[in-house]
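*Asks:* Sequences are here, hints too, so could you generate the full structure?
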Amino acid sequence: MKTFCGRANPTTGAMEWLEEDEDYDYHQEIARSRYADMLHDKDRNVKYYQGIRAAVSRVKERGEKAIVLDIGTGTGLLSMMAASAGADFCYAIEVFKPMANAAVKIVEKNGFRDKIKVINKHSTEVTVGPDGDMQCRANILVTELFDTELIGEGALPTYEHAHKYLVQEGCEAVPHRATVYVQLVESTRMWSWNKLFPIHVEAEDGEKIIVSPSEMENCPGVPSVCDIQLNQMPSSDFTILSDVVTMFSVDFSKPVRSASTCYRVQLEPVKSGRAQIVLSWWDIDMDPYGMINCTMAPYWVKSTSAFQWRDHWMQCVYFLPNEEPVLQGEKVYLTASRDEYSVWYTLQKASGEEENKADDRVESPVCRCQAHLLWNRPRFGELNDQNRTRQYIKSLMRVLKTDSVCLCISDGSLLPMLAHHLGAKQVQYFCVSDLCLFFKANHLENKIKIIEARPELLTSSHLEDKKISVLVGEPFFTTSLLPWHNLYFWYARTAVTSHLTSNITVLPQSASLHMMIVEFQDLWRIRSPCGICEGFDVRTMDDMINNSLNFRESKEAEPHPLWEYPCKSLSDPQEVLTFDFRKTVPQDCLSTEGSVNLLRKGKSHGAVLWMEYHLAADISVSTGLMQISNEKGNCEWNPHCKQAVYFFSSVIESETLSDLPSAVTYTINFNTKTGEIAMDFKL
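Taken in order, the sequence shown gives residues 1 to 683; the numbers are from full-length UniProt numbering.
One or more hints might be untrue.
[Stated by the list, open to error] Pairs of lysine to any residue residues, derived as SDA-like cross-links and limited to a Cα-Cα distance of at most 25 Å, are as follows: (1) LYS568 with LYS425; (2) LYS425 with ALA203; (3) LYS65 with GLY111; (4) LYS568 with ALA663; (5) LYS583 with THR12.
Rather than coming from a laboratory, the hints here were simulated on the basis of the structure.
*Replies:* Next comes the structure, spelled out in structure tokens:
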């Protein structure tokens with residue numbers, strides 16, 4: 001059996017369907033899963049165990065048998081907690097077959113074979129009765145079906161079905177309830193992830209301003225949540241406009257309705273400002289009395305020194321359809337609308353007659369301006385980064401002449417508009433994305449020619465028989481996952497060679513790959529074996545993850561936005577490969593090997609890799625390290641890009657510089673045929 005997997009091809013910039021071994025998909029799922037992160041979440045595990053013990057006791061005190069239904073069992077951890085707390089029998093449901101197989105082994109290894117039955121089905125397909133999957137309905141419902149938004153993984157329809165068909169009326173539930181909290185803030189930084197700000201260009205003939213189309217002003221965007229590690233957002237980057245309020249809560253011990261609905265709360269702003277963002281998070285009470293509580297509250301709300309890091313549950317950033325001025329003390333209404341899987345927010349001024357009625361019509365937001373479909377949130381942030389834009393303007397001013405014929409190769413880029421304003425005679429743009437609204441809003445629809453063809457299909461008639469004298473790119477492509485995938489620019493540049501003048505100017509003129517060895521504060525947990533979790537042996541899971549990580553002969557780097565994941569550098573950053581865009585892509589692979597010296601003590605968790613683009617002789621933009629901010633080696637990363645992280649399979653810990661391994665050796669190979677980079681490190 002073979003399976004087809006979609007993957008971006010860095011040499012064509014396109015998504016391609018590749019035939020893979022049938023196990024490939026499953027290995028990817030396991031290798032990149034959040035299971036290890038959950039098993040390392042001590043706070044979650046302890047609270048679940050306390051809640052389960054209490055629920056089993058309450059059932060036993062009523063003189064009943066404790067029959068547990070555990071939906072989404074994963075490793076079987078929660079079922080084993082229930083069995084060891086005295087439950088008479090547990091039905092553990094897991095839809096993902098490899099995971100269900102692992103759960104069977106883990107349950108057996110821990111001696112609960114007679115107490116736990118693993119059912120490899122979706123919970124909605126489970127049958128109850130003498131010949132069914134379950135002998136009888138359960139009286140304790142245990143689940144962990146939550147994501148950062150609480151309901152994004154289908155918790156509501158799953159609970160709705162379970163109450164109708166799988167559990168007794170008045171059952172115990174762990175968790176017992178979930179509560180969603182909100183806070184209104186103003187934040188230029190976060191707002192820049194959702195709207196395009198005007199761009200000022202100082203041209204020869206005066207200042208030009210690139211504006212966004214009017215359609216964007218009131219566009220509600222897309223209803224997908226922006227989930228981030230809000231604890232990495234400094235308090236200087238937002239202004240709090242309201243207290244934290246409860247938006248809604250769900251009692252899981254009673255029947256749950258998943259149908260679309262609205263909730264409305266009244267807020268009294270604590271400060272005047274522009275309401276732009278709703279920050280949100282949730283907590284779960286593991287018991288009916290709220291004594292066992294697990295919260296996702298960010299640092300400014302939760303005053304506790306014992307802070308639990310987790311990556312499987314974070315915090316949510318929601319963008320209001322447009323910014324609303326609010327005045328301190330002048331009440332407003334915040335409405336949360338939800339369907340089965342997502343939540344979105346609107347804000348209204350309070351007026352007498354509509355005191356407590358939420359509008360029941362629930363319509364999911366639809367992007368009307370195209371931009372939210374074209375750019376993701378980090379890309380909005382990147383386009384709004386004035387310092388970055390200045391570097392491109394400075395470089396373009398140096399290379400553009402009044403007779404320049406300019407071609408731009410980058411997805412959803414504003415470079416064609418910059419090139420036009422800075423004096424290029426003619427600007428053409430390879431455009432697979434819809435920027436027409438932007439060109440129209442800036443009266444440039446007749447000034448910039450859109451070429452709707454792939455670079456390799458470019459003909460002289462597309463260019464009206466002119467040769468390109470300036471080729472520009474950021475480069476940025478929506479299909480890129482890892483930093484070097486944007487080298488597609490080099491392949492596109494190679495494809496259009498015959499249409500370039502002999503003295504072509506390419507901007508950026510080159511790129512370089514950089515690397516640094518780091519110690520992560522917390523991110524290492526997502527790849528770290530767990531061993532024993534709350535007294536249960538889950539090493540079968542560790543082996544399974546390890547097996548999947550090693551499924552490919554060479555391990556792969558993975559993309560992470562490191563501004564959210566603090567780390568310190570243990571080595572200096574090092575340039576390891578260069579790519580000269582003034583020349584075409586070479587036939588042979590580019591390889592390098594060497595060593596990088598460790599300068600600080602700490603745990604070598606892995607290597608971080610990123611690209612730098614050299615726009616002109618002395619102007620570069622980095623997609624990775626911005627600076628090492630102090631002697632301790634704390635790093636500042638480009639907040640708009642994901643960096644590549646290669647986790648070492650074994651971690652070397654050095655307490656003193658004398659026991660430092662003096663260096664990490666590496667080999668890095670850029671395959672020019674596939675556009676992929678293979679790497680290997682030895683400590």
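*Asks:* Look at each hint and say if it fits the structure.
*Replies:* The hints, checked one at a time:
The straight-line distance between the Cα atoms of LYS568 and LYS425 is roughly 47 Å, outside the 25 Å bound, and the hint therefore fails. Distance hint between LYS425 and ALA203 is fulfilled; the C-alpha atoms sit about 14 Å from each other, no more than 25 Å. At most 25 Å may separate the alpha-carbon atoms for a hinted pair to count; LYS65 and GLY111 meet this at roughly 20 Å. Between the alpha carbons of LYS568 and ALA663 the distance comes to roughly 17 Å, so the proposed pair stays at or under 25 Å and holds.
Proximity of LYS583 to THR12 is assessed by CA-CA distance (about 18 Å); at most 25 Å being required, the pair is judged to hold.
Going down the numbered hints, you'll see the structure goes against just number 1.
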